[in-house]
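Please construct the entire structure, taking both the sequences and the accompanying hints into account.
Chains as they are written, first to last, in this note's numbering: chain A, 1 to 128; chain B, 1001 to 1375.
Because the hints were derived from the structure by calculation, they are not lab data.
Don't take each hint at face value.
Taking lysine to any residue pairs in the SDA-like style, the calculated list, with each CA pair at most 25 Å apart, reads [to be verified]: (1) B:Lys1361 - A:Pro47; (2) B:Lys1361 - A:Asp91; (3) B:Lys1361 - A:Gly56.
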Amino acid sequence: MATSTHPDDRLYTSDHEWVKIEDDTARVGITEFAQEQLGDIVYIELPDEGASLSAGEPFGEVESVKSVSELFMPGDGVVVEVNTALEETPDLINSDPYGEGWIARIKFSDLALDELLDTPAYCELCEA
Amino acid sequence: MSATTDAGAHAITEPQRTPLYDEHIALGARMVEFAGYEMPLQYTSLIEEHNATRTSAGLFDVSHMAQFRISGEGAYAFLQRLLTNDLARIADVGAAQYTLMLDDEGGILDDLIVYHTGAEYMIIANAANRVIDLAWLRNHAPDDVEIVDESDRTALLALQGPEALRILSELIGEEFEPPARFHLVAAMLDERIPALVARTGYTGEDGVELIVRADDAATLWRALLSFPEVTPVGLGARDTLRLEMGYPLYGTDMDETRNPIEAGLGWVCPADKTGYIGAEAVARARAETVEERLVHLKVEGGIPRQGSIVRANDVTDGAGTEIGRVLSGSHSPTYGFGMATAYLPTRFAEPDTEVTVDIRKKSVTGVVVKPPYTR
Chain A
1 MATSTHPDDR
11 LYTSDHEWVK
21 IEDDTARVGI
31 TEFAQEQLGD
41 IVYIELPDEG
51 ASLSAGEPFG
61 EVESVKSVSE
71 LFMPGDGVVV
81 EVNTALEETP
91 DLINSDPYGE
101 GWIARIKFSD
111 LALDELLDTP
121 AYCELCEA
Chain B
1001 MSATTDAGAH
1011 AITEPQRTPL
1021 YDEHIALGAR
1031 MVEFAGYEMP
1041 LQYTSLIEEH
1051 NATRTSAGLF
1061 DVSHMAQFRI
1071 SGEGAYAFLQ
1081 RLLTNDLARI
1091 ADVGAAQYTL
1101 MLDDEGGILD
1111 DLIVYHTGAE
1121 YMIIANAANR
1131 VIDLAWLRNH
1141 APDDVEIVDE
1151 SDRTALLALQ
1161 GPEALRILSE
1171 LIGEEFEPPA
1181 RFHLVAAMLD
1191 ERIPALVART
1201 GYTGEDGVEL
1211 IVRADDAATL
1221 WRALLSFPEV
1231 TPVGLGARDT
1241 LRLEMGYPLY
1251 GTDMDETRNP
1261 IEAGLGWVCP
1271 ADKTGYIGAE
1281 AVARARAETV
1291 EERLVHLKVE
1301 GGIPRQGSIV
1311 RANDVTDGAG
1321 TEIGRVLSGS
1331 HSPTYGFGMA
1341 TAYLPTRFAE
1351 PDTEVTVDIR
1361 KKSVTGVVVK
1371 PPYTR
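This is the structure:
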C-alpha cells in the first residue's frame, strides 16, 4: 500500500475510517485500504440525519458482494448530513474514498483525539 | 470498521497450490484458502470479472477440483451402482452428464460430472471431497475396476462466456468444430498443448473446460489471456455466476444430510433407474413428499448472508416464525438484487411465495423464484 494514497489533511481510526474536521463539523468515510479490502461496494446503510450517537456506536454499514462492515462512531456526535449520492452509487466509495465517497458529516461533541492516528501512523498500521 | 466474510474456506493444514499459483500472484490476485487450496478470490473487481464472463469471456483456474479415472471391464456396472444418473444416456463416446453419488440413506456425498471418454470414465469432483470420494469409490470397487486419482497431474481451466468458443477456435484452427454441449473432444491447442476440451461449465454461459497436463497449464493460461476479450476470474465471481443460475454448491447448499429430492436434484436421479446406492431412499423421498426443499430467494433491500434467518409471512402459519436459514447468500451483479438459498418447509417452496429475511437489524422481503434468476 503506497503511503501517498492516504491524504494528510485528516485523521484516521484503527478501524480504517477517516475523519476530516472542517470548521465545527467533520466528514467521515472509510480509507483506501478499507475499500480495497472490501472490494466492489454494492450497498450502504446510512445513519439518519439528526441522530445523536455515542463513540463506538455503529452508525452505518458498508457492504460489498462478499462481505459487510459496520461503521463505528469515532466520537460522540450528531449526524448533520449524509451522502445520499451513495444510495444510488455506493461504488463512489471504491473510486474516490477520500472525496466523493464520504459517508456522513458529523458535529462531534467529543472526539478521542489521542486515539486518532495521523497519516504516518495510519500508513504504518496498514503496512504492518 | 470490522469485516466479516463468508468466502467459504475450509481450513486444512498446509494449503496446496495449483499449477497456476504463480500466474495468480503475478496478476496481483487476492488469494484465499478454499477447499485446502490457495485460490484467487479476485484479480481486480468481482463485479467486473462477473460481467466480463456474461458479456465476453472469463478464464478460471479450477485445477483444485479432483479428477478420477475409472477403467476396467466392470467400470460401467460399477458406476451405474455408485452414481444416480443413468450412464446409458452417455453411451456415446465423449458424452458427459451431471450426476450424484449418494450414501445408503440417500444423503448426497458429492455432485460430479462424469465423462465417457471411450474405454474409461473420467470424473470431475469437488476438491473438498477428494479424499472421501476416493475412499468411497475404492471401498465399493470390484476387482475388475481400476480407479486412478489424476488430480495432481492435470490442470483444469474454464473459459466461459459468449466469446469463449470463438477464442478457442482461434487457438485450435478454423476447422475446429466445438463439441456439442456436455460433450468432450481431444484437441491440440496453439499447436503445442494437448487438451481435453469439454463443453461444460458452472457459469450458465456457453464455454468450455480444458483439461491439460499440469506442466502445460501456465502456457495455456497465458495464451488465453493474450486475447484482449479474456478476463481472469476468481472464486468470488464464480460464486455469483453460479448462484444467478441456481447451480448448487456442494458443502453449502447440500451435503450428506440432504437427499436429492430435498436439494431439487431429482432430475439427476431418473425414476426408472434402480439399483444404485441410495435409490430406495430417493424413491421413498419422491413418493412421500419431503418436509423441506431447497428454495432460491430473490431479496430486495439488502444482501442476505449465510446464517440469515428466514421467517414465515403467512399469518396462518404464525407470521414471524423461523422456517429456515440462508445457506448461499450474495448479491447479483447482473440484476442488482440479493440472492439466497435456504431449505424451507415444502409449503413455502412454490414460486412467488413471500417470506421475510432478517439481514442483521432489519427485515426484508424474499420471494421464492425458480432459477435462473431474471430481472
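Taken at face value, is the distance from the CA of A:Gly56 to the CA of B:Lys1361 at most 25 Å?
Holds, at about 17 Å.
For the pair supplied as a hint, B:Lys1361 and A:Asp91, is the alpha-carbon distance within the 25 Å limit?
Roughly 23 Å separates the two Cα atoms, so the pair holds.
Straight-line Cα separation of B:Lys1361 and A:Pro47 no greater than 25 Å?
Given that 25 Å is the threshold and the Cα spacing comes to 13 Å, the pair holds.
Consistency note: the structure conflicts with none of the earlier hints.
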